[in-house]
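Line by line, the protein sequences are chains A and B.
Oh and the first sequence: position 43 is 42 in numbering that gives the first Met the number 0, straight run, nothing missing.
Oh and the second sequence: position 109 is 108 in numbering that gives the first Met the number 0, straight run, nothing missing.
None of these hints come from the bench; they were simulated from the model.
Do not take every clue at face value.
Below, simulated BS3-like cross-link-like pairs (lysine-lysine); rule was C-alpha separation at most 27 Å, straight line [as the list claims (entries may be wrong)]:
#1 K93/A to K54/A
#2 K67/A to K93/B
#3 K66/B to K67/A
As the structure is a prediction and not an experimental result, all values here were calculated from the model.
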Amino acid sequence: MINAVSSIDSAGLAAEMRKASAVDQTAPAVDPTQASASFADFMTNMGTSFVDNLKAAETTSMNGVLGKASVREVVESVMTADQTLQTAMAFRDKIVSAYLEVVKMPI
Amino acid sequence: MDPLSASLKISSSGLSAQSARLRVVSENLANARSTADTPGADPYQRKTISFSDEVDRASGVASVEIKRIGLDKAAFQTEYDPGNPAADEKGIVKYPNVNVLVEMADMREANRSYEANLQSIRQARDLISSTIDLLRSPT
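Taking the hints into account, I'd like the entire structure generated from these sequences.
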């Protein structure tokens, strides 16, 4: 009987998994270029884009100190970098908390 | 392009346009009494600035840019002052066609427009931040 129950359970679970993976495959269709990108790739992209933005902000700030860039440009680039960092942090926090939730799941 | 980021960009172009306008006002004010170096020659001529909308083809966003900085063709003010080095043979000195009151009004308007653009940037930034904060909602 236990076998029967577990077979039902695993069958149901497999169906759920299939459904989830189907969702997973349809969801990235919004962005076909990154259809095969994994989560790690996504985080890497986010990281590099943040580093690029931060570098740009630093260059602009230095130009601003040297009098080559206007205050407006400095503020703009620093704000962009700040925004990218905030997005990345919020996203990471969310993912980590989701992961912890899975880890803490009572078995 | 994301509309909120686009409005940041547009407001930023507004900031640079208004600061250019403020620069022109400063030039006019600073040169309000600048006369010519040679007798009878024309003094400083008031500068005007005009703007136009500039559509970025890639994103379809219309920002503002400086169309041209021109010269005001109004007549110069004249004063009788024979002792002035710039006076002509009749003793008339030509002063710039700058009306300080008009310049002050223009400066105030540029100031207000700059503040309006700043407020627009602040608003867009706050909206983006609060959207990101949705991710951080306590569970």
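| query | If you check each hint against the structure, which ones fail? | reply | 2
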